[in-house]
Every structure is written in C-alpha cells, then in structure tokens.
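Chains as they are written, first to last, in our numbering: chain H, 1 to 35; chain C, 1001 to 1328.
Hints in this document: simulated from the structure, not taken from any laboratory.
Cβ coordinates follow ideal geometry from the N, Cα and C atoms, glycine included.
Hints should not be assumed to be uniformly reliable.
[What the hints assert, rightly or not] Computed beta-carbon distance windows for the label pairs:
1) C/A1036 to H/S30: 31 to 37 Å
2) C/A1313 to H/V27: 39 to 45 Å
3) H/F16 to C/G1180: 44 to 50 Å
4) C/L1052 to H/N8: 32 to 38 Å
5) C/T1027 to H/S30: 35 to 41 Å
6) C/A1318 to H/V27: 25 to 31 Å
7) H/F16 to C/K1298: 39 to 45 Å
8) H/N8 to C/Q1067: 30 to 36 Å
9) C/W1262 to H/I14: 26 to 32 Å
10) C/A1032 to H/S30: 46 to 52 Å
11) H/I14 to C/N1023: 30 to 36 Å
12) C/E1209 to H/N8: 43 to 49 Å
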Amino acid sequence: MGTVRAMNFRNLKIDFLGLLSVSVFVVFVSLGFTA
Amino acid sequence: MNTALGDAAISSIRSTVSQLSDNPAQTALAGAALVALIVGGNPAIALIVGMLLSLSLNRPPLPYSSQLGKYSLQTAIVLLGFKLNAAELVSISGTYALPVAAFVCTTITLGLLLGRLLRSETETNSLISSGTAICGGTTIATLSPIIGARPEQTGTALCIVFLLNAVALVTFPSVGQWLGLSQEQFGVWAALAIHDTSSVVATAQLYGEEALAVATTVKIGRTLWLIPLIVLASLYVGTQQTKVRIPNFVFVFIAASVLGSWLNLSASLVTAVGQTVSALLVIALFFVGMDITRETLKKLRMSAVLHGIALWALVIPAVLGAVMTWVP
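Starting from the given sequences, assemble the full structure and let the hints guide the process.
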C-alpha cells in the first residue's frame, strides 16, 4: 500500500450479491434524502 | 470429490473431538459457565467471563469459539429482524441515513489525520480509522487483504477494537442511565459510537427494547458503508481482486423484517423470539470474549493503541453531544 495509484477497475469483482449489496446501500442513502 | 469432502469432514470431527478430550475439565468448566450465563442473561458479564477464561487458561477452552460466536450473533440479528416491522425499519433508516453518512466520513477523515499525527503505520492507521467509522472487526477483516496489511497490523487493530468493545459494553448503559438518555438517544449513540455489531446490539439490549430496535437498524445502516469503502480502497490502493459485498446476514435481516411484518407474528411468538435473541447474544459475547487471548494482547503496538483510544475518545462525546441535541 502506501501510495495512491490510478483507478484499477480490475480489482473489483461484482457478482449478483455484489449488485444486491450496492443496491441496498443506494436505497439506504436515498431514504435519507426522501425522509 | 466426495471422498475429499468426506475426509475433510472426518478430519474436522477428529480435530474437534481431540480438542474436547484434550482437557475435558476445562471444556466442562467453560460449558457450565456458559449455561449459567445464559440463565443470567447478561451479555456484558458473558463477555468478561469469556475473556477471563481465555486469558487464564491461555487458550479458548471450547473449539470453534470464533465461528460459534459469529453464527450466534448473526442468528440473533436475523431473529431481531422478525421483531422489527419493515415500516419501522424504513422509517429509522430514513431518519438516520444522512447522520450515519456524516459520521462515517468525518470519523474516517479524523482517524486518518490522527493516525498520521501519532505516527501510526499507514495500514494500521487505515484499519483503525475505518474500523472505528464503520463496523469494527468486520471492516478490519474486509479491508486488511485489500490494502495488503501484515498479520500483526490486522491483529493489533482487531485487538484494540475488541478491548474497546468490552469497555463500551460495561460502561455505556450506566452512562446512558446517568445522563437520562431516552431509548432512541441511547440506541443511536450505541449504534454510532461502539465499534462492533455484537457489542452494539448487546449494549442496547441492556438498555431496553426500543433502544435495541433503533441501535440494530442504525448499525446495519452503518455497516452498509462497507460498500463504498471496499470500492474506493480496491480502486485506489487495492493489491488484489476483491468482491464487493456486504455481510450476508444483512440481506437475511432485511428479508426477516419484511417476512415478520407480512406474517404479523403473535405476541407470544415475539416474546419467544426476544428470549432466544437474549440467549444467543449471551453465547455470542461469551465467544467474542474468548477471542481475546494472551497472544492477541502481545500483538498490541503502543502507537496503534493510542490512535484507537484517542479516536474513540473524540467520537464518544461528539456523538453523545449530537444525539442529546438532535435526537428526541
């Protein structure tokens, strides 16, 4: 670690549960704006 | 393949039996202590007894204590989902989503600055800062391989978080009562200021039913911040490919809440679920206590300890002040 490198999208692995995780997070944050 | 699986299962059973028969007196002592603790129903005492047993015997007296603790806690949280109405879940999440966002971002920034000031190693600094901001041990375990932290750095961060969890569990309910915090105020304070889900849930349970519902929901919301953390850490400093994922029990908790609201559970069933949750939390905290061994304490580094304590010492009063000002 130590230095910040350019964005490396190959490091991310998003499967079905990953998409579901991202969706749950987006819904949670959105609830804050709509409440 | 089946033979390989069979061999693995047999080897696992042999190892368990050998551990149990290794010192039957210690196993029996731990088992009896656990039964007495479940009857007593206080997770704070369970944590202390688990820790004392592990430290005095210099090893966990029961096999698979980490896994047993983890599964007891996750089952307890899923059962709590059944008790929590889905509309209530949405309402609490909506009210506290933005404060949680503000808390997570401020704590990580403050933690990283403080770590740099205290000359904490970069990896340990990242682990302690994000662990304090999001979800203690879960965050540290998730972030550690992404940033390529060394085992002793991960061990140090985990140990500090475990010890601070224990302090919170023992002190928070008394402070809450002394300050006359409402159930909602205490639930939010515990959910934001305590590192790990196990201690958040157990501490809130000691304060009351409503505090427990608020704390569990807000804490789950805080755990969701693992997603941007994993994404950003993987993109910018990642050393290996990482799955973007929140812990599976979060999905099951949400599903249980929806199912519980739809089934409209009877009062007697809700009471039974509540009693099961209490017993499971005692079991979970007993095993969490057992994770603190003499070996883990030896891994502690002074700069990291100072960093963890200093950051927490800033977080506790700041969150408490905010909660007393804005939460009814």
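Hints and how they fare:
1. C/A1036 to H/S30: 31 to 37 Å: 47 Å Cβ-Cβ, so the 31 to 37 Å window is violated.
2. C/A1313 to H/V27: 39 to 45 Å: Hint violated: Cβ distance 34 Å, outside 39 to 45 Å.
3. H/F16 to C/G1180: 44 to 50 Å: For C/G1180 against H/F16, whose Cβ atoms are near 47 Å apart, the range 44 to 50 Å holds.
4. C/L1052 to H/N8: 32 to 38 Å: violated, 46 Å
5. C/T1027 to H/S30: 35 to 41 Å: The hint (35 to 41 Å, Cβ to Cβ) is violated, given that C/T1027 and H/S30 are roughly 50 Å apart.
6. C/A1318 to H/V27: 25 to 31 Å: holds, 28 Å
7. H/F16 to C/K1298: 39 to 45 Å: holds, 42 Å
8. H/N8 to C/Q1067: 30 to 36 Å: holds, 33 Å
9. C/W1262 to H/I14: 26 to 32 Å: holds, 30 Å
10. C/A1032 to H/S30: 46 to 52 Å: Given range 46 to 52 Å: holds, Cβ gap about 50 Å.
11. H/I14 to C/N1023: 30 to 36 Å: Given range 30 to 36 Å: violated, Cβ gap about 46 Å.
12. C/E1209 to H/N8: 43 to 49 Å: holds, 47 Å
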